[in-house]
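Sequence lines, in order, name chains L, Z, U and X.
Position one of the first sequence corresponds to residue 248 (the working numbering), numbered consecutively onward.
Position one of the second sequence corresponds to residue 248 (the working numbering), numbered consecutively onward.
Position one of the third sequence corresponds to residue 248 (the working numbering), numbered consecutively onward.
Position one of the fourth sequence corresponds to residue 248 (the working numbering), numbered consecutively onward.
Derived by calculation from the structure, the hints in this document are not laboratory data.
Don't take each hint at face value.
Identical copies go unnamed one by one, so any copy, or any two together, can satisfy a pair.
[What the hints assert, rightly or not] The calculated SDA-like cross-link candidates involving lysine to any residue, where the alpha carbons are at most 25 Å apart (straight line), are:
id: 1; residue 1: Lys524; residue 2: His378
id: 2; residue 1: Lys466; residue 2: Asp566
id: 3; residue 1: Lys466; residue 2: Pro432
id: 4; residue 1: Lys524; residue 2: Arg388
id: 5; residue 1: Lys527; residue 2: Ala442
id: 6; residue 1: Lys524; residue 2: Phe340
id: 7; residue 1: Lys494; residue 2: Asn561
Protein chains: 4
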Amino acid sequence: MASGVELTVPVYRIKGRGTGPSVYIQANIHGAEVQGNAVIYQLLELLQKQTLLGDITLVPYANPVGCNHKNGEYTLGRFDPITGVNWNRMYHFNDELAKQFVEQYPDTDVDTIRSEFRRWMLDDIDEQLDHNIFGLTTGRRIAYQLQRMALQADLVLDLHTGPISSKHLYCPEYAKNSASYFNIPHTILIPNDFAGALDEATFCPWWDLTQAYQAIGRKLDFNKESFTVELGSQELIDLDEALVDAKSILGYLQAKGAIAANGFAPDAMVRYGCMLKDYKVFYSPMGGMVDYLAEFGEPLPAGQPLARILRMDNYSEADSDPLHYLTLDQTVIPILHFASASVNQGTELYKLFSNYFEL
Amino acid sequence: MASGVELTVPVYRIKGRGTGPSVYIQANIHGAEVQGNAVIYQLLELLQKQTLLGDITLVPYANPVGCNHKNGEYTLGRFDPITGVNWNRMYHFNDELAKQFVEQYPDTDVDTIRSEFRRWMLDDIDEQLDHNIFGLTTGRRIAYQLQRMALQADLVLDLHTGPISSKHLYCPEYAKNSASYFNIPHTILIPNDFAGALDEATFCPWWDLTQAYQAIGRKLDFNKESFTVELGSQELIDLDEALVDAKSILGYLQAKGAIAANGFAPDAMVRYGCMLKDYKVFYSPMGGMVDYLAEFGEPLPAGQPLARILRMDNYSEADSDPLHYLTLDQTVIPILHFASASVNQGTELYKLFSNYFEL
Amino acid sequence: MASGVELTVPVYRIKGRGTGPSVYIQANIHGAEVQGNAVIYQLLELLQKQTLLGDITLVPYANPVGCNHKNGEYTLGRFDPITGVNWNRMYHFNDELAKQFVEQYPDTDVDTIRSEFRRWMLDDIDEQLDHNIFGLTTGRRIAYQLQRMALQADLVLDLHTGPISSKHLYCPEYAKNSASYFNIPHTILIPNDFAGALDEATFCPWWDLTQAYQAIGRKLDFNKESFTVELGSQELIDLDEALVDAKSILGYLQAKGAIAANGFAPDAMVRYGCMLKDYKVFYSPMGGMVDYLAEFGEPLPAGQPLARILRMDNYSEADSDPLHYLTLDQTVIPILHFASASVNQGTELYKLFSNYFEL
Amino acid sequence: MASGVELTVPVYRIKGRGTGPSVYIQANIHGAEVQGNAVIYQLLELLQKQTLLGDITLVPYANPVGCNHKNGEYTLGRFDPITGVNWNRMYHFNDELAKQFVEQYPDTDVDTIRSEFRRWMLDDIDEQLDHNIFGLTTGRRIAYQLQRMALQADLVLDLHTGPISSKHLYCPEYAKNSASYFNIPHTILIPNDFAGALDEATFCPWWDLTQAYQAIGRKLDFNKESFTVELGSQELIDLDEALVDAKSILGYLQAKGAIAANGFAPDAMVRYGCMLKDYKVFYSPMGGMVDYLAEFGEPLPAGQPLARILRMDNYSEADSDPLHYLTLDQTVIPILHFASASVNQGTELYKLFSNYFEL
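Work the whole structure out from these sequences, hints included.
Written as structure tokens, this is what we have:
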């Protein structure tokens, strides 16, 4: 930073027996989304009593620039305050890599592919980090350093929160079955398109590789999974709720064989999914002050109000009403809403599942 | 504003029968404290069915600069973003006025004093607004225009909220009995010292005047009251809760004879008070991420934790603990806490009653 | 906005004789880049004495949300403060449109193509503006409304500024010859790739159309040009300099036949160009406080310092120096630098021409 | 900070021979006012070749919270972003201390008074720092720690800058003669009223003490001086100009006997002064975009324009003009102006000397 202060990040590494998949978990890449740090705290506490089969790396405060950047009372969380670029859209992806790799190693055994392709990816990141004469943005430097660690794991969890939000999960389409290992009722299935986030940056290369081998007739499964886990609302720390979520994550890790079986099991619940393209943002049709009405997580029938907007400037105007009810003509499941009651025309009011289905 | 946009404020005036005290109610002088607008909406709805004995003026969106100033997702509420000055510390007060007035009108009858002293105050404000060759700050111009309206009323309510907060009331010491007309369990009693806020700006001159007449042996009561009503948390609109608060305000107005009796009565409840000097801010002893534990409104025994602070950088350090519990060695009543979990050393964590008593 | 204030934009339309190309000029889509408003003022003054051959539309304050959004003393200019999205990356582009059009109108005459393709584009925008059940972001609504006006013109100028900057021009590769009509010594040539900006949003469709007709053997020239004109530094109004730039723009309009010849002629000067891919950002290799040294607009030989960074925390450290000189090992032309001396590691320090050439 | 990062400040202490007054110089208490750091750099370089008669302490980056707090491209400088309180209004002052001291030590010799009163002040600060069960704000903790160091010196210089500004000096009325030792043409004379700033916090107690002894018939001079030195504009580092200012400061230190004579002499120049009450802020009478016209530092005759405000929304309105010229009906000397061209009604446009005189 300007005064010469160096920002660092604590990294906790726990060795496993080497018989299970390795795990990487980070939290707080978005400054205001702090609850993941509490979940990492509870994981560290719980893991002391577990048998680890794979190595586990945990990184709280993953973005110390973002998590220390107060903007008034709140934390300016989602993007670099100088450039506006989302901190979770700056990871690296090379869409040529899988093809080039398969050309060079068409017949290699799966273990060598696994380790060698990982080396290729790490070299590619190092190239970006170290050999750029014009330098690198603040956000890319942070992202690439985290990505270096994440790429060394088989299972990657990036802990986020929404603004005011229920729990939900971003899951690669191919890993859909794993979504049910978490105690999270709502899952967004994302395609193999890199849009800059850590989950994509870590699973897309392997998905690409699988497809490139398939194109030459080999059917391989590298068993790599990455999830963005949305833990609830931003600007909140709740250590009790964090314990619940830590256990949910251990349930997933047990199911994948990263920790020895110890009775962690997902709750029975109705789980809803929707495709990323059907995960819709509802923008405010007018400026005003919003009384958010819809309950999170439950199907909201067509015509039922999502919210009502108060417009006191319209009170006593003959042809206008001070309360405007917002509805949709289809059933949706509201997942999260904007963090403040005060909105402009065009502010992101809600994110919601449309065309949802049971998982 | 810079592009030439003119910001205006809706003002609702309802005529009464002229037999009761007049009333001025404003909301949202702090940008993020929006719930007062919803209370004014519900008041306007309820007042249609009441008999008004005094005139009532209601001003939502009292500070359109503040309430439209988004700072990221949130509303930058408490102060002028350019100067840092609190929007509710820019009202005008002339501490010579009462003395000068009594010198000029030692023997006048009370009704003339009432109207003439008001005229003096309005002239004094106009002098500030219009005859300043070097101009006026944005905030003073807003404040003085509101104050002109407020000074014309007998009863003044300034609707605010805390960050994350329970309901509470700021009340002049001399009007302590009126605090019980509201459905609000916690009252801060403020002395006759002008510190810039609207309640002070409207009651201090009359209190001064009372004392100045007392000094020459006349005991007068002008029956002026001003309250800052803290409705709960900022950044929220809840029209149902606003209806509850609007009825509480009507209870006060009925008790003071501003509306005809119509069955509004305060609930029975334990009401706590504390003097302004005992309304303490508790500052964070360290930076970190806060899990707020104490319940609002209830006495918290000495030694019980207010909050615990998570410091993941301390995890695995031999001589340090990742969880720091914050306690006090006296019983207090927590009233509100900071809006975010992320704090620096020295951030205002809690405001709390110390040395409290039952009202 | 939240209080119900409606933000509007002044639009000045001047009819021409209908014999020359029509013109659209806007300013201040980025909030802090205000000088374009002064240029529009001077253009309106100068145009009163010119003979207009085509219609001219001028739009100052194009983004009233951005230009009224103060963030402390400065104007938060480049992006939506809620989402972080650059205000000049939200225009609409449909990359299927040209192909579809040529399929439907392979043989139509050029004037019909011109008017009909414009109608297609406007319908496409209207579709976005009016038929989206989930609504539209604040920025897209603003952008699409401006784009509707811009698409009706033949020549489009979008007036911007850099942070601390010399004058420069973004110009489509095919319109390279027109760059010399402006009194601007530095030109960045941009390819036919839509990246969200107004210039691209208005020229790329026509370039696409030209290529789509070429693919079926017709060689058409629609004579559409769009430029982003960078007028100097942000946060400044200089009406005298604006007059200089207004005359430079009239020079271009005269050269294109939009106004009758009246002696406006570009100055003789060395004009440098570089391709967009060679217009490099130089990121700060460390946090610190920057003394910017390089002169704008002149080739800086390899090894000469761009800047020196002060790091007082390094003073008196044996192995470190408090002054760090930043150099490159190639000759570049510095065009602009960051607005503040205080930078983090990774802050955009300079933008500069590499591999430049004389135009 | 929230992630546990500890912010520290480099402190440079150079021992002198002990025959001259000791010196304390700090820079950058306001985040954007960075040039003082460069001056401290140049002082450290120059002091290596000087003979120090008194000890010198130099503190760059005095406020690491403020100087690392970016708000968009710029540094949020003047106040705590959470509370709005000016970082330079949080020093401590106990207006009872001098009286109490003189009561206890009416007849003590001057050297003992000097050392003992200093001890009282330090104890008073320590009491604030360490014995407050409710804690301390971020800003007060920073301020008190700096004040502890400053109180140990005889001469205190607090290095600041204006927004866009010429060089000027705040000087206690009694130290008026010392103003001419600096190469700074404009001086504001401040009375013995504590308003929170470091200069006042360090000279007011001694001034009080002098007056308290005078009241009992002793005429003492403690030879303590404090200045706020305004170096020019914020957001700028200029090491060459810093060398000029460092030499000017050495001129003052030589004149006061803190360094051995070495030929540093103030330039001959007309020096203007004005009383603090006559140092006026000129607030913008309207929102708009400002072309600042008045030259800094030179008397501006009555009726000459300070600035003109562009209001494009008024262009083509019959009864309005797009350019509004701002004038005063008295001669003033403009010292600084606002940092941005975009202003609201009521924004601080200029600070200027009225009723000025030659020093």
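Hint check:
In this assembly of identical chains, the alpha carbons of Lys524 and His378 lie at most 25 Å apart only when taken from different copies (18 Å versus 37 Å within one copy). In this homomeric assembly, Lys466 and Asp566 never come within 25 Å of each other (Cα to Cα): the closest approach is 66 Å inside a single copy and 52 Å across copies. In this assembly of identical chains, the alpha carbons of Lys466 and Pro432 never lie at most 25 Å apart, being 32 Å within a copy and 58 Å across copies at closest. Only between protomers do Lys524 and Arg388 lie at most 25 Å apart by alpha-carbon distance; the minimum there is 21 Å, versus 30 Å within a single protomer.
Taking the closest pair of Cα atoms, Lys527 and Ala442 come within 25 Å of each other both inside a single copy (17 Å) and across two copies (23 Å). For the identical chains of this complex, Lys524 and Phe340 are neighbours both inside a copy (21 Å) and across copies (19 Å), given an alpha-carbon limit of 25 Å. For the homomeric pair Lys494 and Asn561, the shortest alpha-carbon distance between copies (22 Å) is at most 25 Å, but the shortest distance inside one copy (50 Å) is not.
Checked against the numbered hints listed earlier, the structure breaks hints 2 and 3; every other hint is satisfied.
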